[in-house]
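Undergrad: For chain A, the structure is supplied; the task is to place chain B with the ligands on it using the hints.
For the protein sequence lines, the chains are A and B, in the order given.
Just so we're aligned: the first sequence equals residues 1 to 308 in the numbering used here.
Just so we're aligned: the second sequence equals residues 309 to 543 in the numbering used here.
Please keep in mind that the hints were generated in silico from the structure rather than gathered at the bench.
Everything numeric in this text was worked out from a predicted model, so none of it was measured.
Be careful, since some hints might not be right.
[Stated by the list, open to error] Simulated crosslink set (DSSO-like; lysine-lysine; CA at most 27 Å straight-line):
no., chain 1, residue 1, chain 2, residue 2
1, A, K181, B, K436
2, B, K463, A, K181
3, B, K463, B, K420
4, B, K436, B, K420
[Stated by the list, open to error] Listed next, with one range per pair, are the computed distances between beta-carbon atoms:
no., chain 1, residue 1, chain 2, residue 2, range
5, B, G345, A, F179, 41 to 47 Å
6, B, D372, A, T77, 54 to 60 Å
7, A, V293, B, G438, 37 to 43 Å
8, A, F179, B, R313, 54 to 60 Å
[To be verified] From the derived model, a few chain A residues whose C-beta atoms are all more than 12 Å from chain B:
no., residue
9, L185
10, S282
11, Q284
12, P300
Quick reminder that beta carbons are idealized off the backbone N, C-alpha and C, glycines included.
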Amino acid sequence: MIFATGLICDSARGACGKGRPRVHFFFQELLNGLVLGSIYALVALGLALVYGTMGIPNFAHGHLYMFGAYAAFAAITVLHAPYWPAMILAVVCLAVLGAVVERVVFRPLRKAPEVNAIIAAIGLLFFLEAVARLIWGSDFRVLPTPYDKVVNLFGFIATQQQLIVIAAAFVLMGALFYFLKRTLLGSTIEAVAQSPAGASLVGIDADRVATLVFAISSGLAAAAATLIASISLIFPEMGFVVLLKAFAVIVLGGMGSIPGAIAGAFILAFAESFSAAYISTSYQDVVAFGLLVIILAIKPTGLFTRAT
Amino acid sequence: MLEVRGLTVRYGSADVLSNVDLTIGTGEVVTLLGSNGAGKTTLFCVLSGLVRPSAGTVTFMGEDLARMRAGRIVEHGIAQCPEGRKLFPQLSVEKNLMLGGYVHRRDRRAMKQSFESIIALFPALEAKLGAPAGSLSGGQQQMVAIGRALMARPKLLLLDEPSLGLAPLVLQQTLAAVAAINSTGTMVLLAEQNAYAALAIAHRGYVISDGRIVLEGTAAHLRQNDDVRRAFIGA
Ligand SMILES: Nc1ncnc2c1ncn2[C@@H]1O[C@H](COP(=O)(O)OP(=O)(O)O)[C@@H](O)[C@H]1O
Ligand SMILES: [Mg+2]
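Bound-form chain A, shown alone:
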């Protein structure tokens, strides 16, 4: 199961006994889909933001996510930080790491052909994985959470942590939307993406926007990783599957589109959780990617392509 989705070893699905009515079964899968979709959305949003603004397909994004999980793990186990401060610490650490990565790895390649940035991202991915293995070894770890109780919501079962994942993801998405759409600083991100020349003429510093975008993107990934790390496992390769899913999501949603990333995340997640439940867990990824192929055959540019 863990290796099928790479994310969820869901207790809730096991808890849903055979004798239960089908409607419960449906809600249980709906819950699983929401949890999975929340994580996909947070990860894919960061990927879409970086691609949409700078045209960089950041293949190291999943590994920044992995680092976020380890940062929270270290905060809790080494610094004995409580859960929420540990998450904030992980987000801040990754925001800084993201900013450094932009400054050191991607900025020098801004004027180089796109393939250079792709190769740099892949190099960074292996570098981050090696560093994680050096520090934390290859063992599987679980992030301790104080929210491990099972709650009964109108007759169907959820863990507190599952509800926290969904709530936190929606709060973060709301905050990101507010920042991008309602603040002048947030608007500078879209401005640089839509007209770099226009942006520099009004005095927007494209370098600072690039740093900001990487910081937000990595911070969101850290939040997602911390949220799911109590349900799933932490290990140095955990970034690969997430990266693959997040890329599927942004291709589905239309490269670089923010609403597309959110819609794509939940479409993929529901496809996965319902196919696991109603067909077979072993077909889960096949169904999900089959869906991707079908949607792209109908609308090759993705669901929410921006007009240019």
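TA: Only chain B with the ligands this time, still in chain A's reference frame:
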């Protein structure tokens, strides 16, 4: 006041601008006339800090622009309405305007004031504030582009070929707006191929050809000049 001395810009081995001298005095509208490829946009890029000069000096209000970042130049009082407008097409008209005031973002009151004066100058924009800038007509987009530059509260406004793609009547309105902006003391440098329109509102002008200033004088003087008439007015 702006002073350009001996400005040369070289791309590879070709001089796109060679030894350009140009000044703009307090309260003036100056036009830079030249056909396609003469070097007008390159000069504007230098003035906005997007292209660095290979030689020469550019000073504005006593400060050297050659080393200033683009954002610093805007703060220092030079805003550009670029060729092709370079709007943020999917952002609302209001956002486009507000982003024009980006360097003054901490002074909310001043931004609100500029915003209101721009709406007063271009009343047609009021009904379009929520619309994506890219959905507007060419004339209205030109208003947004000029408005965006004005949000920076410039002392010198650079206008690069605002006539491009505008119908004659819309062009007249645009130039009337530029004259109105100038009447409040803002200096204007207007690059144009349409000499007839530009000379109607300019005090002085320069003719640029192949990166060199080949003629300069008052608007009246240039209007009389045979070369100018032949090259740009079609008389
Ligand atoms: N980045 C560049 N590299 C090389 N040549 C350029 C570049 N930008 C402009 N040029 C050349 O400089 C000349 C002047 O261009 P430009 O300043 O755009 O003229 P104008 O705005 O008067 O039409 C043209 O011959 C153009 O081909
Ligand atoms: Mg030009």
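Undergrad: Run the structure past the numbered hints and jot down the numbers of the failing ones, going up.
TA: Checked against the structure, the hints that fail are numbers 2, 8 and 9, while the rest are satisfied.
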